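Student: Chain B is fixed; fit chain P onto it per the hints.
Chains B and P, in that order, are what the protein sequence lines are.
For what it's worth, full-length UniProt numbering labels the leading residue of the first sequence as 1, then goes sequentially.
For what it's worth, full-length UniProt numbering labels the leading residue of the second sequence as 1, then goes sequentially.
By construction, these hints were calculated from the structure, which means they are not laboratory data.
On a predicted model such as this, the values are computed, not experimentally measured, just so you know.
Keep in mind that the hints are not guaranteed to be accurate.
DEER-style ranges, computed between Cβ atoms [to be verified]: (1) P:Ser69 - B:Asn323: 57 to 63 Å; (2) P:Asp297 - B:Glu118: 36 to 42 Å; (3) P:Ser69 - B:Ser138: 29 to 35 Å; (4) P:Tyr277 - B:Ile134: 37 to 43 Å; (5) B:Ala51 - P:Pro308: 36 to 42 Å; (6) B:Ser138 - P:Thr43: 30 to 36 Å; (7) P:Tyr341 - B:Gly109: 47 to 53 Å; (8) P:Tyr277 - B:Ala51: 34 to 40 Å; (9) P:Thr73 - B:Asp83: 40 to 46 Å; (10) B:Glu118 - P:Ser69: 43 to 49 Å; (11) B:Ser138 - P:Ile42: 55 to 61 Å.
Virtual Cβ for every residue (Gly too), placed ideally from N, Cα, C.
Here's the letter readout for the chains.
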Amino acid sequence: MVKRKLGALEKVEADLPNLQNKIRKDPKSYIEDFRAQHYQYESHREIFMAAPTSANDTGIISLRELIDFISHVADCYPTITKDFPQQLMDILTQHHLVLEPELREKIVGSLVLLRKKELVDSATLLQTLFPILITTPSKTLRALIFQKILMDLRTANQKTINHKLNRVMQTVLFNLVTSDRTSSKGLWAIKLVRELWKRQIWTDAKTVEVMKEACLAENEKVVVGGVRFFLGGDKEREEAEDESSDEEAIDMGQVKHQAGINKKTRKKAKSVEKARAAVKRKERKKNQPHPLNFSALHLLHDPQGFAESLFARHLQTAKSKLNLDQKLLVLQLVTRLVGLHKLHIIHLYSYFQKYLTPRQPSVTSFLASLAQATHDLVPPDVLEPLVLKIANEFVSEASASEVATAGLNAIREICVRQPLAMNDTLLQDLVMYRKSKDKGVMMAGRGLLSLFREVGPEMLKRRDRGKDASMGLRSGDKREKRFGEQETGGIEGIELLEQWKEEERKKRRAEKGLASDAEDDEDEDEEDNWDAWNVEDDEDSDDSGGWIEVESDAEIELSDSEDEKDKDPSRPSKKAKQDGTADEKSESNDASKLENKFSTLATTRILTPADLAKLQELRTNAAVDALVPGNKSSRKQNSNAARHIDDPLTAEEIEGLAALSAGKATREERIARAKEFKTDREDHKSVTAKRKERKESQGKSTTNKEKQRRKNLFMTLGKAKGKNKRSLVETRNVLRAHQDRQKRGGRRGNIGM
Amino acid sequence: MGASTKRKKEKQKDFQKAKLKVGKARPKPENFTDTSFKSKSITLNQQSLTLSAPSSASQFTHHLSLLTSRSDTQRRDSLSHLTTALSSRPTNSPPPQPTSVILPPLLPLLLDSASSVRTQLLKLLRALPATDIQDHVAQILPYVRAGMTHLAPDVRLSAIDALSWLLSTAGQDVVACAGGWIKTLNCFLSVLGWHTAESAKWSANRASFGKSGAKGGGVVVRVLTVLAEFLNAGIAPQDTTDSDVDIYSEAGGPWVFPLVQPAANMVAVGTATPYLYLNLFGQPRDEEGEMYETREDRFRVFREKFMPAVERGLEGARQEGGETGRASVGVSKVLKVAVEYSC
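The following block holds chain B by itself, in its conformation from the complex:
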């Protein structure tokens, strides 16, 4: 019998991917075929459910394929497949332990696919996957599910924040952490929360609450995970943000240029379009207001209670199972909370007492924590014994220079925060170490000295006070701050703004040829500002806007004597006021000028967005100026101011320059250290090389000369050979022509165009 030949179509058509493709194109016509496959799936599921453990070869593989197939086209036949997602979930939840790995992954993937097609809602999906994530022993499955959960939460929050889903999920995580404090399952909650926090998907207090509960768990892994989140989560988030903003800086000009030069294809056109869209998106993003992201430490409810229970549960009790490193982490968190929120945990300071010896492992971390835990509302008599102990244990002629440095630095950091913890005899003693031969000790001693020149010069000996401090003392400017005294605060950098405004005004008056001190056209200036409510309008309104108008001249004559300092808060009623109060103000101004150190700018007028932008610019300028070398005095002042209150104090800062005092470093070590400090400067290069590099990076071409030099030798050989065969006359002509060309300046002649 002749074997019947299968037609090519017949062979190819009978596979699921092909059917899937056809269904996508025309679901209505293929409904019968889909129904058949759905029954097929049903039967296979029945077979599988009867014996889920038996890894039946044909049966299960085709079940996998069927699941794949149905989940891909499920959206075309919602009525037939309405039970399908639930069936998958049942299989997964009941049998995930015994399922064949490939089938398991397929089911998870299919569920996520169904979620994308919106046949399952996120909450159901997460409630199915999350229990499996916690219970399954399979590592690959856990990784897969974790990734899928994360992805789903991200997509759910992409367009708008899905508050409902977030709340459900956060409650689940919260319950996971709180239900069994001894189990390590809370780690999954921590991992998830940390990831979402990093991507700025979850930024609210509820999230922080989950982590707070994790910190108070009894399982050490969970505790450490929670504590690490508080100590490093925000930094991680910032870094992630920086990375995302750094990437893909598209140079639109170059893209356009290249599109103009290269062959025009549809693909190229598309890529240009894409680049344009990306740039536009980025622009829009830049203009958007910065999202208010509070750090996790600020979002805590009841930081006092949290810090107290952390301290009591993990540090104070002898029963705590944490090892030293873990304890240090917890201690760092507690002390940061204390420093940041100015909490009072009086036991904390006596707890430090026993760890402050040079033999204690990682004592610098303890010192840093102690300094961190200090703030200006801590009673000085609690701190005084600690400072004394540090001085006795660490700082002596006999102790190693690193130890002395660490001690002095720690004392300085404590006194920065609470100067009252120091008494004058001890201080005068410690300040003497600035004469030490060791560099680290010397620098630490000087640091202490300069600190107290600012905060408490009368505690120093007269000759140590320095010029500024002595003068300040005499004039009564520098007084010791009382316990609990608070500085009245203002807007950072507002005086810079005021100064700038003053300069601008002077400049304008100079242009107009008026005396720089006299009353300005304030009204019009203000008008100007109101016009410049938007930052964008700033430039043009500055010079073309109001101030050329002549109407303000009258006003200059009216309020001649008025100083520029007084600006009225209410713009409309200004004119009326000016006449009446002009003379009174001029008298009182001189007196109040001295004591009124704060700028009145913020209290007397509304700052426009343009003003705020300028303020920001001035602030950054000032910060940059302070860092420029050669500007020593300002740099010193800013070294402490530069530290933000949110930043942690690290052990490295306590160790300070101790590394320098290790005199016996070998040459290699010294070189390595020098390299560490060196910024990554480019290698030295000639100007030409640099120029060439720049040209190359800009995508520009080379000169003709360069091209000639680079030309492949074999391309030039033929011509060179021909030269040998020239006659004398020919050679002469060539040489002549060359000479002529040189004179003219090239083939085209150097005619100046």
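Tutor: Frame of chain B; chain P shown alone:
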């Protein structure tokens, strides 16, 4: 001169490669030693002492395990071996392995891609003792249904054949077991394409996926015949004389030793699993997977769900005429009888 050329040639000969020719034995090297020898008798140190070949029982199990082999000829040969082993055994002697052991490896072969394997499998199934099959119907049916809706038309056809065999051996169990009624009927409708009014029309544009096989119309005829058998088993009026036992007479049925008045205690006598309908250990069943044990139940369900579709389909088939029309008449006849009986 002469001597030197000769020596040169000799020297070169060492480095020359021997040309090999296709089909020719490789020339023996010069230092070849012939190690063959002749002997009058050969003595083996060890040898098997069993006088007979492996026992038929062990061969049977071996071939049973070979059913999952990769090559389809191997599977087919094993099947045929099993078939002969089963059919050639003396009557009334039990098969070498119990049916519960034989069936599980057999069932996936219903979906086998090789048609020779499937036909051989049918032969083997027919050789199995019919009484044992009754207890395994619930196990077999899902595979049959999977085969009926398979993408490949050949598999569909052989699954229909298998169903026909199953109906002939244990018809009542097929229609009464869990999921046996509604699900199987669904599969029938799907095979015939009778689910919706539109697809049942003969003129409908049926962009059916996968060709219906070589015989084309033959498949439909076969399906209709088996459908008639199926409906006959399910809803045809049964002769009630033997099933309607006098409940209280102990002599009514065969004496079952530990049971007293089995029917009064609601214990079904004929089956191995009398309490199956309680579904004590299985998955909870939905409407489709439910057991419909009596004719009335089945007819009610049939009339509610399938009657219109089936009638519509039958009408279409009748109008088509030819063999299909004739086959459809068989189904209609069964339907008519059933309707008349229940009215």
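Student: All hints are to be evaluated individually against the structure, with a verdict given for each.
Tutor: Comparing the hints with the structure gives:
1. Take P:Ser69 and B:Asn323: their Cβ atoms lie about 59 Å apart, and the range 57 to 63 Å holds.
2. One distance hint, 36 to 42 Å for the beta-carbon pair P:Asp297 and B:Glu118, holds here, with the actual separation near 39 Å.
3. The given range of 29 to 35 Å is respected by P:Ser69 and B:Ser138, whose C-beta atoms sit roughly 31 Å from each other.
4. A hinted range of 37 to 43 Å holds for the C-beta pair P:Tyr277 and B:Ile134, which are about 38 Å apart.
5. A beta carbon spacing of about 37 Å between B:Ala51 and P:Pro308 agrees with the range 36 to 42 Å that was offered as a hint.
6. Between B:Ser138 and P:Thr43 the beta carbons are some 59 Å apart, a value that contradicts the proposed interval 30 to 36 Å.
7. Separation of P:Tyr341 from B:Gly109 is about 52 Å and conforms to the stated range, judged on CB atoms against 47 to 53 Å.
8. The supplied range of 34 to 40 Å is broken by P:Tyr277 and B:Ala51, whose beta-carbon atoms lie about 21 Å from each other.
9. Between P:Thr73 and B:Asp83 the CB atoms are about 41 Å apart, so this pair conforms to the stated range of 40 to 46 Å.
10. Checked against the given bound of 43 to 49 Å, the beta carbons of B:Glu118 and P:Ser69, roughly 45 Å apart, stay inside it.
11. At roughly 58 Å, the beta carbons of B:Ser138 and P:Ile42 sit within the given window of 55 to 61 Å.
When each numbered hint is compared with the structure, violations occur for hints 6 and 8.
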